[in-house]
Amino acid sequence: MGLNLSQILHQLEQMGAALAEHEAALRRLQPAATKALEHAAILPPEELAARVARAGDRYRGARPSDEPIRQRFPPPGLEAGLVIAGADGSQIYPDRHAPALYYVIQVGSLTIELGSGRAPQTRTLPEIHFRPEDLYDEDGHPVNNAVINGRRDALEMKALADWAESAAGRPFLALLDNGLLLWFALQVREQQQKEVDRVLKAYLGHLDGLRTRGGAVAGFIDRPRSADVLALAHLATLPPEAINDAALRANPFRALTDRMVFEQLLEPGERSACFIDTSPLNRDFETRGHQVRFFYLKTDARGTIARVEVPAWVADDAAALGRVHAGILEQCRATGGFPYALVRAHELAVVTNEDRQQLETYIQQRMLEHNLAPRTSQKATTKRWTRGRRKHRV
Amino acid sequence: MDPDDRPIGRVTRCSTRGFVGAVRLPEPEWPVFGTFCRAEAQQGQSQVIGLVYDLSIEDDELARQLAASEALSPEQLADSQVNRQVPVEYHALAVGYLNGDVFTQSLPPQPPLTLAPVYRLTAPQVRLFTDRLDFLPLLVAVPEIPVDDLLAAALKTAAAVRPESERRGYLVRAAAECARLLGRDLTRLESLVRAIKP
Numbered sequence: 013m014g015l016n017l018s019q020i021l022h023q024l025e026q027m028g029a030a031l032a033e034h035e036a037a038l039r040r041l042q043p044a045a046t047k048a049l050e051h052a053a054i055l056p057p058e059e060l061a062a063r064v065a066r067a068g069d070r071y072r073g074a075r076p077s078d079e080p081i082r083q084r085f086p087p088p089g090l091e092a093g094l095v096i097a098g099a100d101g102s103q104i105y106p107d108r109h110a111p112a113l114y115y116v117i118q119v120g121s122l123t124i125e126l127g128s129g130r131a132p133q134t135r136t137l138p139e140i141h142f143r144p145e146d147l148y149d150e151d152g153h154p155v156n157n158a159v160i161n162g163r164r165d166a167l168e169m170k171a172l173a174d175w176a177e178s179a180a181g182r183p184f185l186a187l188l189d190n191g192l193l194l195w196f197a198l199q200v201r202e203q204q205q206k207e208v209d210r211v212l213k214a215y216l217g218h219l220d221g222l223r224t225r226g227g228a229v230a231g232f233i234d235r236p237r238s239a240d241v242l243a244l245a246h247l248a249t250l251p252p253e254a255i256n257d258a259a260l261r262a263n264p265f266r267a268l269t270d271r272m273v274f275e276q277l278l279e280p281g282e283r284s285a286c287f288i289d290t291s292p293l294n295r296d297f298e299t300r301g302h303q304v305r306f307f308y309l310k311t312d313a314r315g316t317i318a319r320v321e322v323p324a325w326v327a328d329d330a331a332a333l334g335r336v337h338a339g340i341l342e343q344c345r346a347t348g349g350f351p352y353a354l355v356r357a358h359e360l361a362v363v364t365n366e367d368r369q370q371l372e373t374y375i376q377q378r379m380l381e382h383n384l385a386p387r388t389s390q391k392a393t394t395k396r397w398t399r400g401r402r403k404h405r406v
Numbered sequence: 304m305d306p307d308d309r310p311i312g313r314v315t316r317c318s319t320r321g322f323v324g325a326v327r328l329p330e331p332e333w334p335v336f337g338t339f340c341r342a343e344a345q346q347g348q349s350q351v352i353g354l355v356y357d358l359s360i361e362d363d364e365l366a367r368q369l370a371a372s373e374a375l376s377p378e379q380l381a382d383s384q385v386n387r388q389v390p391v392e393y394h395a396l397a398v399g400y401l402n403g404d405v406f407t408q409s410l411p412p413q414p415p416l417t418l419a420p421v422y423r424l425t426a427p428q429v430r431l432f433t434d435r436l437d438f439l440p441l442l443v444a445v446p447e448i449p450v451d452d453l454l455a456a457a458l459k460t461a462a463a464v465r466p467e468s469e470r471r472g473y474l475v476r477a478a479a480e481c482a483r484l485l486g487r488d489l490t491r492l493e494s495l496v497r498a499i500k501p
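Residue numbers (my numbering), protein chains in the order written: chain A, 13 to 406; chain B, 304 to 501.
Think of the hints as simulated: they come from the structure by calculation, not from any bench.
Be careful, since some hints might not be right.
[Said to hold, decoys possible] Facing chain A, according to a computed beta carbon distance under 7 Å, are these residues of chain B, among others: (1) S372; (2) A374; (3) D382; (4) V385; (5) E447.
[To be verified] Beyond 12 Å from chain A on every Cβ pair, some chain B residues (computed): (6) D308; (7) S318; (8) E373; (9) A426; (10) I448; (11) R471; (12) G472.
The C-beta atom is built at its ideal place from N, Cα and C for all residues, glycine as well.
Let the sequences and hints guide you as you build the complete structure.
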């Protein structure tokens, strides 16, 4: 039985009306948010910095960088001979109902030499993990899906660092289809500290490699939902003596996103100022010289806003930051505001349900060759029985 | 792996008259019009011999987006034409079957199974299969496909796998067989003979 649409039609009508109402409420909030940002922009930078410092660890928002927070930056020129690489990954998580316990990570990546007229070079690197040390932590607990995501992210960064090596001596830009901060670390740090440290070390090591080879790197987040800059705008409205937990929580712009504000403020091709992410995870990155900063970019004429994350060594280098800005815009021209290199990296990485079924058939064959009886769980078997949709006609 | 050992797709639809194969391969590896191929049938007891007569490229949303874009770069164009695994569908007409080592030139007893892998016939297999010309009547009788072009392509493929010294003799023998089959339609026969003339 599929989704019984007829039973939720009434709720869908309510949903449509509620979405329209919510959108209208957000639009009403927007002028006040823009005004708060204007206010933050006219505060002396040291005063704004003092408020951020006073808010301390309680504050979850953006910190200004050296760039004026209301400044808009037009698209810079594209460097001749720029090489752009993109990477993305996909995975099959461990399934206790499958014939054997394993997981798969596949990273797809490519490199495009702009102006060469040549087809990009592409790579698809799959890895299957089936050994106990891959599947269980030191306490014998099954590996968490978040850890697999972290390992995948590290392999994506490795793919980009490898392309940087082969493009040595030429201007190089690496794009990742995600933010640069490894969020899995926050999710599982308490339970799996050693694994988090291991993955972080590998990931930051690949970032080191990119930096050493003179490449610029950026994480591209499409349709961002963050409201870090709005949190900063709210903080700027608070008198220093009134900054406390309750005042920080009473952010009237909480329902809005930065994207909604920058949709109004930026012209196509323009970027916002760079801001600093205040996540506790960013301290680890900062310690290793990769403090993460971000800006918003209007990637096309339809008004698509992306959040672009870069390490401080890119943000502080005008040429490298310009390369990120111009390179992303160039890549978005034919694909409606999302970089072509990432569209193709995803296509190279994706593992379909059909691939998974084929892989399991091969696993079962290999098990049979070793006199093992491959069995899926009864639950998985019964799900397969009922998977084909069947409708009786009268 | 020898290129001939690599499947050129899998069967998606089939009947005793032929089958449809689908594949995602880079362009140089697609089968071409007039390719002889085989697909497993009767649980591996036989192989249906097919002759590829129609190739089509399935819809692809990225290709459509790029085609509509005014900002397509030469690198993106080359990527689509060289790297991307385009989903290709091809129709193959059943012209015989292989049972053990014996080729039979008539419709197969059963069609191949859905998702059976499809392989190109190797050059020696094409030569062996086309030694006899009894598959030609199966082709001539098929409505709604470009029969004459397919006949010409099949005979040229068959001639090409023979030593240089045998090609002309083979094509003359084939032309004689076509004359017998198309004797009542001299216009068609003339254009076919012109098409296969060495």
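>> Taking the earlier hints as the rules, which of them does this structure contradict?
In response: Numbers 5 and 8, in rising order.
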